[in-house]
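Given only the sequences and the hints, what does the whole structure look like? Please build it.
Here is how the chains run, residue by residue.
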Amino acid sequence: MDNFYTDNPNLKFHLRHPLMEKIIRLKENEFADKDKYDYAFQDFEDALDSYDKVLEIVGEICGETIAPNAESVDHEGPQLINNEVIYAPGTKENHETLTKAGLIGMSLPREYGGLNFAMVPYVMAAELVSRADAGFANIWGLQDCAETLHEFASEEIKKEFLPRFNKGATAAMDLTEPDAGSDLQAVQLKATYDEVKNQWYLNGVKRFITNGDADVSLVLARTEAGTTDGRGLSLFVYDRKHKALTIRRIENKLGIKGSPTCELVFKDAPAQLVGDRKMGLIKYVMSLMNSARLGVGAQSIGIAEAAYREALKYAYEREQFGKPIIKYPAVYEMLSVMKAKIDASRSLLYETARYVDIYKAYGFIQEERKLEPEERNDAKHHNRVADALTPLLKLFASEYCNEIASDALQIHGGTGYMKDFPVERLYRDARITNIYEGTSQLQVVAAIRAVGNGAYLKLIREYEQHDVKPEFDYLKNSLVELTEDFEKLSKQILEAKNTELLDFHARRLVEMAGYIIMGYLLLQDTHRNEQYRKSTEIFIRKAKTECASRAEFIRSFEEKSLGTYKITWE
Amino acid sequence: MSFRIVVLAKQVPDTRNVGKDAMKADGTVNRSALPAIFNPEDLHALEQALSIKDKIEDAEIIILTMGPPRAAEIIREALYRGATSGYLITDRKFAGSDTLATSYAISLAVKKLQPHLVIAGRQAIDGDTAQVGPQVAEKLGIPQVTYCEEVTDVNEDELVIKRRLERGIEIVKSKTPLLITVHSSAPPCRPRHAKLLMKYKHARTVSELVEETKDYTEMMTNKPYLRIEEWSVADLDADVQYLGLSGSPTKVKKIENVVLAKKDSIDLTADDKDIDYLMKELIDSHVIG
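Those protein sequence lines, which keep their order, are chains Z and E.
Note that this note's numbering gives residue 1050 to position 324 of the first sequence, counting from 1, and the numbers run on in steps of one.
Note that this note's numbering gives residue 130 to position 103 of the second sequence, counting from 1, and the numbers run on in steps of one.
These aren't lab readings, by the way, just hints derived from the structure by calculation.
Bear in mind the structure is a predicted one, so any value in this text is a computation, not a measurement.
Keep in mind that the hints are not guaranteed to be accurate.
Unchecked claim - Here are a few chain E residues that face chain Z, going by a calculated C-beta distance under 8 Å: (1) 217; (2) 218; (3) 219; (4) 220; (5) 221; (6) 222; (7) 224; (8) 225; (9) 226; (10) 228.
What the hints assert, rightly or not - Mimicking DSSO-like on lysine-lysine, the simulated pairs with C-alpha atoms at most 30 Å apart in a straight line are: (11) E:226 x Z:884; (12) Z:748 x Z:738; (13) E:250 x Z:748; (14) E:250 x Z:762; (15) Z:885 x Z:1009.
Claimed, not checked - Listed below are several chain Z residues computed to face chain E (Cβ distance under 8 Å; list not exhaustive): (16) 765; (17) 786; (18) 787; (19) 823; (20) 826; (21) 827; (22) 828; (23) 829; (24) 841.
Note that CB positions come from ideal geometry on N, CA and C, so glycine has one too.
Pasting the structure below:
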C-alpha cells in the first residue's frame, strides 16, 4: 500500500509548525461550528489530528490510484467529442475517487459542504496530488475557483454554486485570450447586459484554458465598452448547463497531457456577475492568481519530489564500474543538492501558506465582526508578507522543479531519455511550471516591489531574531553577511533611479533575497528538527556562492553596459 | 423497517507481505509481527453493501466483527466508508474458535439483528477457509449465494446476483433473507470519506473507553453514534460448550514448510500452433478467460 503522505515525514513536520495553533483558531473562529456539524473540530488538537488523518486519505488515493494512472493518462489524454471534453479513463477514475472521499472543496466553509481546511493542509494535498500526477493536479486544483466565489460573490451565487463542489463539480478560470496572455489588461471578451432579460451575456474567445469544459467557469470579460485597460474588466461565473460554449480544440502540449487545455468560443453565453463591476482584474483575478501561484508552487514541489525519488532509486540500483552510481561524488552531490532545494522551497511554500492563512482568516472574521486594531494590523502585516512571498515561491519552486527534473533525468542517463521510465514524463510536466500563472520573468516583476519597499529586508530582520542553537551560529553568520550585501546592492540599484537598470538587475536582487529567506527558513527547521541539518548546510553553502556571483555581477556592472545586451532583429 | 444489511468483516494479519518472523516456532501466525488490516475481500463485501445503499437510500449497513478489543478499528474503518453502525463480538471465552465455533457466535449475533441481507467476503487471508459465511447461512437456515461479483438488482424481497465461477458466470435470483459471499473480482471498496472520518474518528467501544486517558463522557453523551456496541457471550445467550477451543473440532496437527518444486518448462515459438497451445493452457489454468 503506497501512501504519499505517510512516506514523506516532511509534510507532517510542516503540519506541526508552532504557528498552526494560531491559524486553526482563526480559521475555525474559536470553533464556532463545533456543535453545528458532526465533523467539525472540537479544539486545536482535534483539528490537527483531523488534518493529519484526512491527508492520510489523500496520500493513499495518490499512491494507490492517481500515481498508477499517471502513465496511461499521459498516453491517452483527453478527447474532444461532440463539443465535449472527455477525460482519459484514468483521469475520470481519479476525479471520482477524490469526490467519493469528499476531497473537493476542501477549503470551503462547512455551510457549503466544504471541509473548512486551512491553506496549509489544503496546499499539502495539492503537493501530494501533484507528486502523483501533475496534469491531474490542475483539474483538482481548480477548486481554487470555489474559494474565489466564496470570497467575492453574492450570497445568491454562493448558495447556487458552492455546494456543488463537494459533490464533484469541476472548475475552470477563463482568463487568457489570443492577444492577452501575460498582459491580461488586454482582455477583449465582451460582456453585455440585456436590460429586458436582466441578464449578462458573454461573447468572444478564450485560449489556453485549463479544463475549459468545466461545470463552473470563472470568466474575465470587458463590461465597459470603449475601455482598453484592466479597469474595464469584470469577473463572471458561467454554468456549463447553458451549453453556450464551443470548444474549438484541445491543445497538443509537451507535458501535463492529462489536463485538457482548451480554446473556447462564447456565444451569447448567459453568465452572472461576480462581486462588483470593474473589479474583475484589479481585485478578484489578482486574488485568484495569488492562490493559483501558491498552487503552482505546490505542484512544482510535488513534481520535484517525484523526480527526486525516481533518481534516488535509480542511482541506488544502477551499477556501473562495479558499484551503484550513488557511490560516485558526481551523482551523490546532485542528489543531495536536489534534496536541499526541495527542503528549501517546501519550507518557503508552507511559510507562504501560513501567512496567507492568517490574513484570509481575518478577512472572513471581519464579515462577522469588527476587527480590533491589533488584529487589523496583524492582518495587514500578514497580507503584505504573503504578497511578497508568493511570487518568490512561484519563481524558486518552479525553477528548482525544472532543475531537479532535469538532474533526475540526467542521473538516469540514456535510459531517462526513453519513454520507459516515469522521469521522462516528469521532465516534460515540469516545464510548464515556470511558464503558467505568470512566467518567472513576471514573478520577478511582482517580487522586485518587495525589494523596493523593503518588505524582504524587514522579513529577513525578523528571521534574524529567531533563536539558533550555538552550533549553527556559523550558518546564521553567513546569512547575516549575505543580508548586508543584499541591502547594500539593492540600495545602490534603487538609488540609481534608472528603471531599466533596476529591471535588468531585478532577478539577481530578488534571487539574493530568496536565498537568504530560504536559508533562514531552513535554519528554523533545523532548530526544530536536526533532520534538516544536512540540507541547511548544503543550501546555505549554495546561497553563499549564488549570491556572490550575483553580487559580483551587479558590483562590476556599469549602467552604460546595458547597451551591450540590447539585441534587435533585422 | 428499512432494508437492513449486516456485513461480516474480520481483522486479519496482513499476510501479503510476510517477513521472517511471520510464523511462530509452534507453527501459528505471529500476529504481533504483522500489521492488522481489514480483510481485503470483506472490503469488497462492504462495497456491495454501500452500492446497495446508493440505490436504496434508507438502507442500513451494520458491520459485525468478532475478535479482540482492538478489532474495533475495522468497525471505524467501515464507518469512515459509509456503514451506519457496528458491533464487536468480543469475549475471552471466544479465544481459540475455529470456523465452526466462530460461525455459531456470528449466527447468534445476526439473529439478534434480523437483517434482510448478510454480506461477507469470500474468505479471509489468514485462514483461506471460505467456511464462515456458508456456515452462518446454514445455522440461520437461510439461502446462501457464494462467489458474488455484483448485485445487479435488489429490493426488499429479492436480489439478482452475478456469481464469478471457475468456468464462467452465473446469474441467480434469491429471496431475502439471504447471505452472500463476495469474490475479489467484485469492485474494490470506495475510499474513506473525509467528513465521515472526522465524524467517527472518536467512535469507541466500552473497553476502549476504559483505556483512554482523555475524558470521553461528555462526547459520548452528546454524540451517541460514537458508541460501538460490544457483545459478550452473555449478550448473545451463547452456549459456552460450542465456543472457543471446546467448540472447535479443528486441531492443528502439524505445520510444514512447503517449497514448490520447479515445474517443467516448455519452449514455444511464435507460430500459430504454439500460440494456440499457449492460449489453451492460459484458458485452462484460468489465467485468462
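Hints versus structure:
1. Hint status for residue 217 of chain E: holds, given a least beta-carbon distance of 5 Å to chain Z, under 8 Å.
2. Checking residue 218 of chain E against chain Z by beta carbon gives a least distance of about 4 Å; that is within 8 Å, so the hint holds.
3. Hint status for residue 219 of chain E relative to chain Z: holds, with the closest Cβ pair at about 5 Å, below 8 Å.
4. For residue 220 of chain E, the suggested interface contact is upheld, since its CB lies about 5 Å from the closest CB of chain Z, less than 8 Å.
5. Interface hint at residue 221 of chain E: satisfied, since its Cβ lies 4 Å from the closest Cβ of chain Z, which is below the 8 Å cut-off.
6. Contact between residue 222 of chain E and chain Z, as hinted, is supported at the beta carbon level, the nearest pair being about 4 Å apart and thus within 8 Å.
7. Here the hint on residue 224 of chain E is kept, as its CB sits about 6 Å from the closest CB of chain Z, short of 8 Å.
8. With 8 Å as the threshold, the beta carbon of residue 225 of chain E comes within range of chain Z, its nearest partner Cβ sitting at about 4 Å, so the hint holds.
9. Interface hint status for residue 226 of chain E: upheld, as the beta-carbon distance to the closest one in chain Z is roughly 4 Å, under 8 Å.
10. With a cut of 8 Å, the hint placing residue 228 of chain E at the interface with chain Z holds, because the nearest CB-to-CB distance is about 6 Å.
11. Restraint check: the Cα-Cα separation between residue 226 of chain E and residue 884 of chain Z comes to about 25 Å, which is no more than 30 Å; the hinted pair holds.
12. Under the criterion of a C-alpha separation no larger than 30 Å, the hint pairing residue 748 of chain Z with residue 738 of chain Z is consistent with the structure, at around 17 Å.
13. Straight-line distance between C-alpha atoms of residue 250 of chain E and residue 748 of chain Z comes to about 28 Å, which keeps the hinted pair within the 30 Å bound.
14. The hinted pair formed by residue 250 of chain E and residue 762 of chain Z meets the criterion: a straight-line CA distance of about 12 Å does not exceed 30 Å.
15. Between residue 885 of chain Z and residue 1009 of chain Z the alpha-carbon distance is near 22 Å, which keeps this suggested pair within the 30 Å criterion.
16. For residue 765 of chain Z, the interface hint holds, the least distance from its beta-carbon to any beta-carbon of chain E being 4 Å, beneath 8 Å.
17. Interface hint at residue 786 of chain Z: satisfied, since its Cβ lies 7 Å from the closest Cβ of chain E, which is below the 8 Å cut-off.
18. Taken as an interface hint, residue 787 of chain Z checks out: its beta carbon lies about 6 Å from the nearest beta carbon of chain E, inside 8 Å.
19. Restraint check, residue 823 of chain Z versus chain E: the minimum CB separation of about 6 Å is within 8 Å; hint holds.
20. Among the interface hints, the one on residue 826 of chain Z holds; its C-beta lies about 5 Å from the nearest C-beta in chain E, closer than the 8 Å criterion.
21. With a cut of 8 Å, the hint placing residue 827 of chain Z at the interface with chain E holds, because the nearest CB-to-CB distance is about 4 Å.
22. Using the Cβ-Cβ criterion of 8 Å, the hint placing residue 828 of chain Z at the interface with chain E is satisfied: the shortest such distance is roughly 4 Å.
23. Hint status for residue 829 of chain Z relative to chain E: holds, with the closest Cβ pair at about 6 Å, below 8 Å.
24. A least Cβ separation of about 6 Å between residue 841 of chain Z and chain E falls short of the 8 Å threshold, and the interface hint therefore holds.
Going down the numbered hints, you'll see the structure goes against none, and every one checks out.
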